[in-house]
Structures are given as C-alpha cells and as structure tokens.
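J.: Residue numbers (this note's numbering), protein chains in the order written: chain A, 1 to 209; chain B, 1001 to 1442.
These aren't lab readings, by the way, just hints derived from the structure by calculation.
Fair warning: there could be bad hints in the mix.
Quick list of in silico lysine-lysine cross-link-like pairs, DSS-like style, CA-CA up to 30 Å [stated by the list, open to error]:
| no. | chain 1 | residue 1 | chain 2 | residue 2 |
| --- | --- | --- | --- | --- |
| 1 | B | K1174 | A | K166 |
| 2 | A | K197 | B | K1343 |
| 3 | B | K1416 | B | K1281 |
| 4 | B | K1375 | A | K77 |
| 5 | A | K129 | A | K77 |
| 6 | A | K118 | B | K1281 |
| 7 | A | K75 | B | K1343 |
| 8 | B | K1343 | B | K1416 |
| 9 | A | K100 | B | K1375 |
| 10 | B | K1174 | A | K118 |
| 11 | A | K197 | A | K77 |
Owing to the predicted nature of the structure, the values given are computational and were not obtained by experimental measurement.
What follows is the residue order along each chain.
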Amino acid sequence: MSIFKNLLLIVAYLSLSACSNIERSRDLGNADVSGVTLVKQVCSECHGQNGNSTSPQFPKLAGQQIGYLQSQLMKFKDHSRSDRLAPEFMYGMSHGLTVKQIGEISEFLAQQQLINEKAQVMPDDYSGKLIYVNGMADRGIPACQNCHGTMAQGQNDFPRLAGQHKQYLVKQLHVFHANIGRPDTPMQFVTQSLTEKEIDQVATYLSRL
Amino acid sequence: MSKLLFLCEIQCWLRLLILGLLMLESSGSFALPSFANQTGQNCMACHAGGQFPELTPYGRLFKLTGYTLGERALSPSVMGVAGGSSIKNISNVNTAMQVNSGQALNLPLKNNSIDFETGSVFLAGKINDNLGAFTQFTYDRFGGTDSSGNYSLGTFGTDSMDIRYADQIVTLSKDLIYGFSLNNRPSVSDPWNTSPAWMQYVPQSNGKGSNAFSDANTAYPANGLTGNAAGLSAYAFLNKTYYAEIGFYRTANSFLSSFNSGNDANYLTGKNTYWRIAYNKEWGPENIMIGMSGFDTHYFDPNSTGLISDSNSYLSSQLRGVDFQYQYLLDPHTVTLQGTFQKQSTNFAPNDSPNQASALVNVMRLKGSYIYQAKYGTSLAYFNYTDGSMQGGTYEIFWNPLQNIRLGLQYTAYDKLTAITAGGLAAASDANTLRLYIWTAY
Chain A
1 MSIFKNLLLI
11 VAYLSLSACS
21 NIERSRDLGN
31 ADVSGVTLVK
41 QVCSECHGQN
51 GNSTSPQFPK
61 LAGQQIGYLQ
71 SQLMKFKDHS
81 RSDRLAPEFM
91 YGMSHGLTVK
101 QIGEISEFLA
111 QQQLINEKAQ
121 VMPDDYSGKL
131 IYVNGMADRG
141 IPACQNCHGT
151 MAQGQNDFPR
161 LAGQHKQYLV
171 KQLHVFHANI
181 GRPDTPMQFV
191 TQSLTEKEID
201 QVATYLSRL
Chain B
1001 MSKLLFLCEI
1011 QCWLRLLILG
1021 LLMLESSGSF
1031 ALPSFANQTG
1041 QNCMACHAGG
1051 QFPELTPYGR
1061 LFKLTGYTLG
1071 ERALSPSVMG
1081 VAGGSSIKNI
1091 SNVNTAMQVN
1101 SGQALNLPLK
1111 NNSIDFETGS
1121 VFLAGKINDN
1131 LGAFTQFTYD
1141 RFGGTDSSGN
1151 YSLGTFGTDS
1161 MDIRYADQIV
1171 TLSKDLIYGF
1181 SLNNRPSVSD
1191 PWNTSPAWMQ
1201 YVPQSNGKGS
1211 NAFSDANTAY
1221 PANGLTGNAA
1231 GLSAYAFLNK
1241 TYYAEIGFYR
1251 TANSFLSSFN
1261 SGNDANYLTG
1271 KNTYWRIAYN
1281 KEWGPENIMI
1291 GMSGFDTHYF
1301 DPNSTGLISD
1311 SNSYLSSQLR
1321 GVDFQYQYLL
1331 DPHTVTLQGT
1341 FQKQSTNFAP
1351 NDSPNQASAL
1361 VNVMRLKGSY
1371 IYQAKYGTSL
1381 AYFNYTDGSM
1391 QGGTYEIFWN
1401 PLQNIRLGLQ
1411 YTAYDKLTAI
1421 TAGGLAAASD
1431 ANTLRLYIWT
1441 AY
C-alpha cells in the first residue's frame, strides 16, 4: 500500500476517534470545556502561554486582578466595552462563555506569574514615577497609586498595571483620554489633562515595574 | 477614446460602490465570511491589516489548529471580484503575442473595460474539535475558450482545498501543534504568505483577458504545476518557533477527483514529495520567518507525444526555495516585507516535442507593504526570472472601506518580457498594465 493511502487511513482513524476532545478543545460554544482549557487552547494564541503575551497588541493577563478580568470579560460579552479592538477581537471570543468559564479563566490567569523582561531597567527620567505616586494636584490629576496600589499591583476592579506592555498602556490611556468605548471608569476624568509626553512617561515607568 | 471610456467605466463603478456602501451603512447589515462567523472576530484578527491572504501570527495558529477555534461549525461564504485593465500599447502586444505564440487573448476586446471576473463559494470552518476545512470553488468568467479560441466562456471548478486534522498540546514549557492536511496543491497548507500558493497579489486576475500582464499573473513555478493533484501532508509547529512539514502528492482522480482543479493534463506518478521547514521568531510587535521548501515531482509532459501509460512521457521537476517574511503589527500600523528565491530544474520527457533535455529557472520575488488602520494600504513588489524571460515590478494602492470590501489600483511595469519582445515586434514596456479591481466577500 502506498505512503499516501497509509497516511490517509491514519488521518481518517484520528478524525473519527476525536469527535469531542474536551481536554484540548477550542470550542467557544461548549459549556463543558473548562476555562483553564480555553486559556491554554484559545487565549494563549494571542495573550501568550500563561498570560504573558509577546506582542504589545495584546495585554499581559498573568497576575491580573481576578475581579478586573471578570468584569472586562463580561463587558466584552455584553458589548459595554467598545474601544476599537474590542469588537474586532474580543466580542467573538467572549460571546459564548458561561459565567462559570469566565470565573475559571479569570482565576487561572490571576494565579499566573507575570514575566517582565524589562523589569528593573528604570528610565533615567523619573517624571513617570512622580506622576504615578503623587499625581498633579494643580491640574486635578490624582495619584494613580491611590487606586492601582503602591506597586501598581491593582486591587479588585482596578487593574494591575505593573509590567504591562508600554504600547498597550499608551493606547488605553489614549482610549480614556478620547472617551471612546470604555465608560464607567473615572479614567476619562483622570486622563483629560495628561499630555502626550506625560502619557509616555507614566507608561514607561509602569512597564518597567 | 478607449481610455476615456475606461475612465467613464471606473466612475460608474465607483458610484455603484459608494451606493452599495451607503446601503450597507443604512441597513446596518454586516455579513461576515465563514471564519469570521465562526470566531466572531474581525477579518484583521487573522489577516495582517486586512490584507488577504497574508496571515497574522494568530491567523497562522488558527490555520495550523485546523480551523477549529471558535463557536460555530462549517458555514458557507462567497467572494466576488470585478475589475479591468488598461495595457499601455495594446496594438503592439497583440501583434507580438499572435506572432510569437499564437496565443489568443481577449484582446483588444477586454482591454479598457471592467467586467465581473471571478466568483468563489467557500465552505469552511470547524467540523469537530480536531477536524476543519477550507474549501473554495471558483467561477471564472473567462476561464473557457469558444470555438474561435477566445477566452470568453465561464468555467466553474475546485480552487483551493485544505481539510485538516489538528491537535495542540500545551504544557508549562511546551506548545506543540501537530496535524495533517489533505489538500490539492503543494504549499496550500503553508501558514506563511511567501509559499508558492500564497505569495501573489489578491485578488488574482484570471489572466485570460486584458489582465494577462498584471503581477498576479506572472507565472510562479510549483503553483501552476499541479492543477490535477491531491496531497496529504503531516506537520508540526513547536513552541511557535520550529515548523516542519512533509507531504506526498498523487493525481486527483477516483475518490479524490473533487480535488481536481480542471487541469486534466498533469497526471502524476510516484511519491511527489513536498517538504517545508521554517524558523519563526516573535518579539514585541514584530515577527520573522526564515524557511526552506522543496517539491520533487514526476508528471505527464504536456508536450509529450506518447501515451499516459508510457514512462517516457513523464518529466521530472525539482523545486528548491528559500523564503523569508517580516511583519510589524501594532494597531494602527501593519508593515510586511517578503522575499522568496526559487530554483526549478526540469528534465523533460524523452519523447517530449519539441525535444529539449532540461531547463533551469530561478525566480526571485520581493514585496513590501504598509497598511494604516487596516483601511489604507500600499505595496511595492519586484519579480525577476533569471533566464531573462521576465523582470519588472508592481505598485499597488488599496482601500478597505469595510473589512470585506476592497478597492485597489495596481500598476505593473516590465523591464523584460520575452513573450512579447522576441521577434522585435514589441517592447517590454508595451505590456505595462494599469489594473483596477473591486473585491468583496460575504
């Protein structure tokens, strides 16, 4: 028998024996697939293994606050978060998730260790840290650490910012500044008087924590 | 006068396009092709800057995992292309083509006119957790010849077929995707855009009318060899870094006859081995791939004077290629650089007529593109056949008003084109071609 036919028989056997593969499924419409499986088989394609994404197009989710992860997935699912890339990437991903799966995904990612290759390489310019720690009272900008924590580790619905991709932080600060698609947070107010340079400085500082 | 008519036609088509866009906007309708239906994502999640068919890192993983990621199952979608071309000196080109090859083109009938060109039906998506498919069937408005030899009849047939079984194993230190692909062309299964089946301007012109000289129609060895083939390949992608694939091809007949693209001439014999290795590296918003591929094939020589059952009627061809791709993907910017270098050596059949022992062709293709906000794009490409038969470049600008509609303008300029310059009846630049197209998918 030819190599071709042998291979074809193997593939046919594998296909017929794998109608349902719950442990390694990428099915976003099957409530029986666990959230942990979905993280490994689906989320990891963009957000990296264990939530440490390579591309700054996609945020790092490892070590993120569980409450924040849950609330954002729910906002993608009900479309109440609509900044430009939300419908393009996340509406479809979250559409069929159950509350249980969202809980499992969030819990798993929150438990992962964030890996930051740029940690400890602090910028010479400490302006970003000063904005984060003190805010700018004269312009009505409160200290970021009041909500996000002294080490930018986040708390509850306030996300962890430490170690996040700089480009992602800059992009989201612009989203808040322009008030596009992320309602229900005080960030529109906080970012209103931030300049481009200050956005860059604070994002640089946070990405190196 | 004819160019004036061409401009009038362009104006009419633009008005129709704008009307269509307004209707889409006002009705709020937003239909999506099969994969977007399945994942609920925008086309640009998988296609770099919405530039089809080029894949993003995520798009490559979606393909390698067998099109099984998502919610919905196998679903149909359609794609259509309308376009037209204007060749610089149609009179000289027509005369030269007739004298040099006797090849009948729809010239000058189809020059400076815009027509519906091709329409495709797709059936694509997941079948179960491990099995998925990408199948495409295409109607070509100018695919068949009439009694005078003019390409004026429509044809419908299999285009691309890729049916996959795939699995992914993820542990703390390992990410392994492995699978099998049953397909109808070597490198259709490849996830990078520099493989022979995918490095082309899309939409691809049919080349039978006045589009014969646009870049999409510059011949590319290996892609055109096997319109009558079916192959099965096994592949693995480890840690998103190392890729390897090996496949074997045979004639697409008996139970695989649906894989036949309509080219009955190419009967294959033997194993017809295809192989591919690639190194992939992703860092920040950038990624690069460097790869090699090969395809050894034995098939019935179209110029053979013997029978299909006669082994002296078969030629052997060996293709070796090196390719690379660089991508920068960070909203709103998409930058791509691509290059491929191929060497194809052919030993013709002993009873080939006119008799020639062998041929060697080296092909180089380079392309760079930039897209802003997945809406406004531009690209520049260079192609060169080292036997001196063809050399030139293509410049393109395009606009995606919606993710599933693209309006593009291409200009292809030739420095060398022996198909028309042999005999001294035309200059290579006489074939320089301006092409306008409208592409859409639902």
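J.: Indicate, hint by hint, whether the structure satisfies it.
T.: Verification of the supplied hints:
1. B/K1174 to A/K166: Holds - the C-alpha atoms of A/K166 and B/K1174 are around 27 Å apart, at most 30 Å.
2. A/K197 to B/K1343: 52 Å, violated
3. B/K1416 to B/K1281: 36 Å, violated
4. B/K1375 to A/K77: Satisfied, since the Cα-Cα distance of roughly 26 Å is no more than 30 Å.
5. A/K129 to A/K77: 35 Å, violated
6. A/K118 to B/K1281: 19 Å, holds
7. A/K75 to B/K1343: 53 Å, violated
8. B/K1343 to B/K1416: 19 Å, holds
9. A/K100 to B/K1375: Between A/K100 and B/K1375 the Cα gap is close to 38 Å, so the pair fails against 30 Å, i.e. violated.
10. B/K1174 to A/K118: 23 Å, holds
11. A/K197 to A/K77: Given that 30 Å is the threshold and the Cα spacing comes to 34 Å, the pair is violated.
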